[in-house]
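Work out the full structure: start from the sequences and follow the hints.
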Amino acid sequence: MNMIYMLIGFSILLALLFLLAFFWANKSGQHDDLFTPGVRVLFEEEEPQETGNEEKSDEDHSTR
Amino acid sequence: MKETNSLTVETQCFHCGDHLPEKPYPADDKQFCCLGCKGVYQILSKHNLSSYYLYNDVPGSSQKKKTLHFDYLDEPGIAAELVDYTDAKVTVITLFIPVIHCSSCIWLLEHLHKINPAIAQSRVDFLKKQVSITFRNQQISLREVVENLNAIGYEPLISLQDMIKKQQTDHSERNLFTKIAVAGFCFGNVMLLSFPDYFGLNSLEQDFKNFFGWINLAFAIPVLLYSARDYFISAWTNLKNGILNLDFPLALGIAVMFIRSAYEIITQTGAGFVDTLCSLVFFLLIGKWMQKRTYHYLSFERDFRSYFPVAVTQLKDGKEKPLPLNELKTGDRILIRSNEIIPADAILLKGDAKLDFSFVTGESIPVEKVLGEIVYAGGRQLHGAIELEVVKPVSQSYLTKLWNNEAFSGERDPIKTFSDTASRYFSIVLVAIALAAGLYWINTDVNKAVAAFTAVLIIACPCALALSSPFTLAAVLSIFDQNKFYLKNTSVIEELARIDTIVFDKTGTITNPESAGFEFDGTLDQYERQLVFDLARNSGHPLSRELVKWLAETPLFQVEHYMEKVGRGISGCVDGHEVKLGSAAYLGLKAEDHGSVVHILIETRYCGYFRSAQRWRTGFKPLALKLGQTADLHLLSGDQDHDRNSLTPFFPRVQQLHFQQSPQQKLDYILQLQQNNAKVMMLGDGLNDAGALKQSNLGVAVTDDINNFSPGCDAILDGAAFQKIPQFIKQAKDAVKVIHMSFGISVLYNIVGLFFAVQGLLSPLMAAILMPMSTITIILFTSLTARLYARKNKLL
Numbered sequence: 001m002n003m004i005y006m007l008i009g010f011s012i013l014l015a016l017l018f019l020l021a022f023f024w025a026n027k028s029g030q031h032d033d034l035f036t037p038g039v040r041v042l043f044e045e046e047e048p049q050e051t052g053n054e055e056k057s058d059e060d061h062s063t064r
Numbered sequence: 001m002k003e004t005n006s007l008t009v010e011t012q013c014f015h016c017g018d019h020l021p022e023k024p025y026p027a028d029d030k031q032f033c034c035l036g037c038k039g040v041y042q043i044l045s046k047h048n049l050s051s052y053y054l055y056n057d058v059p060g061s062s063q064k065k066k067t068l069h070f071d072y073l074d075e076p077g078i079a080a081e082l083v084d085y086t087d088a089k090v091t092v093i094t095l096f097i098p099v100i101h102c103s104s105c106i107w108l109l110e111h112l113h114k115i116n117p118a119i120a121q122s123r124v125d126f127l128k129k130q131v132s133i134t135f136r137n138q139q140i141s142l143r144e145v146v147e148n149l150n151a152i153g154y155e156p157l158i159s160l161q162d163m164i165k166k167q168q169t170d171h172s173e174r175n176l177f178t179k180i181a182v183a184g185f186c187f188g189n190v191m192l193l194s195f196p197d198y199f200g201l202n203s204l205e206q207d208f209k210n211f212f213g214w215i216n217l218a219f220a221i222p223v224l225l226y227s228a229r230d231y232f233i234s235a236w237t238n239l240k241n242g243i244l245n246l247d248f249p250l251a252l253g254i255a256v257m258f259i260r261s262a263y264e265i266i267t268q269t270g271a272g273f274v275d276t277l278c279s280l281v282f283f284l285l286i287g288k289w290m291q292k293r294t295y296h297y298l299s300f301e302r303d304f305r306s307y308f309p310v311a312v313t314q315l316k317d318g319k320e321k322p323l324p325l326n327e328l329k330t331g332d333r334i335l336i337r338s339n340e341i342i343p344a345d346a347i348l349l350k351g352d353a354k355l356d357f358s359f360v361t362g363e364s365i366p367v368e369k370v371l372g373e374i375v376y377a378g379g380r381q382l383h384g385a386i387e388l389e390v391v392k393p394v395s396q397s398y399l400t401k402l403w404n405n406e407a408f409s410g411e412r413d414p415i416k417t418f419s420d421t422a423s424r425y426f427s428i429v430l431v432a433i434a435l436a437a438g439l440y441w442i443n444t445d446v447n448k449a450v451a452a453f454t455a456v457l458i459i460a461c462p463c464a465l466a467l468s469s470p471f472t473l474a475a476v477l478s479i480f481d482q483n484k485f486y487l488k489n490t491s492v493i494e495e496l497a498r499i500d501t502i503v504f505d506k507t508g509t510i511t512n513p514e515s516a517g518f519e520f521d522g523t524l525d526q527y528e529r530q531l532v533f534d535l536a537r538n539s540g541h542p543l544s545r546e547l548v549k550w551l552a553e554t555p556l557f558q559v560e561h562y563m564e565k566v567g568r569g570i571s572g573c574v575d576g577h578e579v580k581l582g583s584a585a586y587l588g589l590k591a592e593d594h595g596s597v598v599h600i601l602i603e604t605r606y607c608g609y610f611r612s613a614q615r616w617r618t619g620f621k622p623l624a625l626k627l628g629q630t631a632d633l634h635l636l637s638g639d640q641d642h643d644r645n646s647l648t649p650f651f652p653r654v655q656q657l658h659f660q661q662s663p664q665q666k667l668d669y670i671l672q673l674q675q676n677n678a679k680v681m682m683l684g685d686g687l688n689d690a691g692a693l694k695q696s697n698l699g700v701a702v703t704d705d706i707n708n709f710s711p712g713c714d715a716i717l718d719g720a721a722f723q724k725i726p727q728f729i730k731q732a733k734d735a736v737k738v739i740h741m742s743f744g745i746s747v748l749y750n751i752v753g754l755f756f757a758v759q760g761l762l763s764p765l766m767a768a769i770l771m772p773m774s775t776i777t778i779i780l781f782t783s784l785t786a787r788l789y790a791r792k793n794k795l796l
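Respectively, the protein sequence lines represent chains A and B.
Just so you know, the first sequence maps onto residues 1 to 64 in UniProt numbering.
Just so you know, the second sequence maps onto residues 1 to 796 in UniProt numbering.
Any given hint might turn out to be false.
Below, a list of computed lysine-lysine pairs in the DSS-like style, where the Cα atoms sit at most 27 angstroms apart [stated by the list, open to error]:
no. : chain 1 : residue 1 : chain 2 : residue 2
1   : B       : LYS292    : A       : LYS27
2   : B       : LYS488    : B       : LYS288
3   : B       : LYS288    : A       : LYS27
4   : B       : LYS319    : B       : LYS329
Cβ pair distances, simulated, as ranges [what the hints assert, rightly or not]:
no. : chain 1 : residue 1 : chain 2 : residue 2 : range
5   : A       : LYS27     : B       : ILE259    : 30 to 36 angstroms
6   : B       : GLY200    : A       : LEU42     : 49 to 55 angstroms
7   : B       : ALA432    : A       : LYS27     : 43 to 49 angstroms
8   : A       : SER28     : B       : ALA432    : 46 to 52 angstroms
Simulated from the structure, these hints should not be mistaken for lab results.
Ideal placement from N, C-alpha and C gives every residue a C-beta, glycine not left out.
Okay, here's the thing in structure tokens:
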């Protein structure tokens, strides 16, 4: 049963890590704007320029 | 009206969606309503940014009203005030751009580097309508950045009273998040570790019990010292000032809970109330966050400084030089271009001053000044440039003097809320019961006496009470928000429920600034319309301007021999025809004029007249009748009294209509009403109402574009929601009712808890169930009933 002491210790440590991660996110301002990033991800990638780098585009990620 | 059923006929401007004029501006195969829109489109397509038009239909905003001179941004002193960060290579600036409204805006503003590679990065904060731009200051100046933005139709609003700065230094919300996170983290863990004890541990597992107890206690410490810190500080400072607010019983409850838990755990006599403590703090902080949460980023604290420009053009030794407004001195010579605002009282030296003071005085007719006359600050020059000599510094001018009034100095008394009043009695009763319970047991059993005393303080800790106001009011706030009524904070709702006197400003508040249009009585063919249009567009008179807007032709002919008699009419020779527009008397007609009428005479033919249509805001008449039933209505207008007769039917008492009121008189009038114990709501829009708005119990700024300047106030009402005012008042009253009801519920819970507590029988398990249950009941009850009432009041 002594295992429980250790397990509880580990679980709290793990939870503390997440709490610290939240602190960091909060401090770096990630919760200041909760709207714009959601719109931003929906924008298309840059369309290929006429300079001829179309060939480079990834086959798996062709636009159509 | 043109038929729109044919697909080939474009009737909308490709950029801004406005109706196209008769002769639109084409570019590629698109049609534009003005040169501005076309210009923006051409810039965007040149830089490969046409995707802007893909994300949304007509994403642009109208470019018809374009300004501006940004030369003042080249002044290092001004620029230094505005930028966030600068070094030898890059500069970072955050700009407020009111027109940001859709995803296209975000996309375009974040691709500024395509227009000018010297802009390294730009990030949009959509809700705050801000863009943060990083640029290489060796390759591009701040002025050029702003001019670039202006060229693509995103003109930043730069003002002396910059709210962006304030936001950036204000991290209170982030701190609150951290506190909630700590409380929530501890709450979760303590909950888990408390369960074994609640379900019962056999004697073999006593070691675990102690171990869990110690860990729980460790978790309680950060909650007590960090998350709940503000409650102790607030309770203490209030106590020192002799005020018993809700924070006092809260802080007392938390402290007692911690001490008793620590005692029980250390002496191994019980499990303590750590889980209740953590949940209490967690829920309280969430309530605090709800109360503080803003659904919008509007500034309610604006004064004349945000209406005035950042800088004026100073004339020195014959050279133009931008000068920051606060450096403007008496005796300086300044140049005011068309559409610029005069920042200080000054004497007119050169040019034709035709000034629009409607925002300052409420008078809608432009004022002409002759050379040598004093021009008061706040007027907007309508045509051409003028030169002036400043006679009073900005802060001492006629208009800005208003802000030196007492009403603006210091904080106004905070609005009295129900929970403040209730908590005073609550605290006294609570302490009395606790002492009584303790004294009752003290002779028989000291341990029981302490247990009963502490249990009362713990169980009666007014968590549910503390949450009922924030959750109800936050729900109402968001309902109001959806209806375009934006409040400064939640306590404004309770003030709104108490209003018994309503004072209206006239111009811009109950009249509609964008007048609905004109009724035309008579005959005009297309050619004659053109003649009238070309003549009218030379005049700055509001009726002429509205007429021009309504006719919506394209300028075609030049006007010769143009003559304007202020307030009477205009005449001129257009394309060889003598055209006269004006009042009946001006045209030599015998007819009587009712209201604003423009008669038309072309050569000798009388063509009829335009009458400006219903000028009141939609729904003003039913609104006034409805409000008049429950509240006293007053009118304070800075305008002449030419509308007195048409307004009389709306107001119950004629003697409560006041015209030609100066800003100071308006303020004094409100003060006088308040001295007769009236709770005054003031609805106004202009700078001349600023004093009255500030003095009133509830100042509401009415505006048709919430991003435009509005004077300092408690609430901003979108003109579109104007007729909903009675519903808003009703909803506010209902909200107060909901708070009272939820207060009743939380008292009921308390009585149940107290029943056990006074007998010294309160177990940690009972507290752990009762506390969160009452909290959740209150949260559900308040948010649901508030919405229910909103549906009943047709606000949802």
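Hints, verified against the model:
Taken as a hint, the LYS292/B and LYS27/A pair is honoured in the structure, with Cα atoms around 19 angstroms apart against an allowance of 27 angstroms. Of the pairs offered as hints, the one joining LYS488/B and LYS288/B holds, with about 16 angstroms between alpha carbons and a cut-off of 27 angstroms not exceeded. At most 27 angstroms may separate the alpha-carbon atoms for a hinted pair to count; LYS288/B and LYS27/A meet this at roughly 20 angstroms. Restraint check for LYS319/B and LYS329/B: satisfied, since their Cα atoms lie roughly 17 angstroms apart, inside the 27 angstroms limit.
The supplied range of 30 to 36 angstroms is met by LYS27/A and ILE259/B, whose beta-carbon atoms lie about 33 angstroms from each other. The beta-carbon spacing between GLY200/B and LEU42/A, approximately 53 angstroms, falls within the hinted interval of 49 to 55 angstroms. For ALA432/B and LYS27/A, the hinted distance range of 43 to 49 angstroms is satisfied, since their beta carbons lie about 45 angstroms from each other. A hinted range of 46 to 52 angstroms for the beta carbons of SER28/A and ALA432/B is consistent with their spacing of about 49 angstroms.
The structure is consistent with each of the numbered hints, conforming to all of them.
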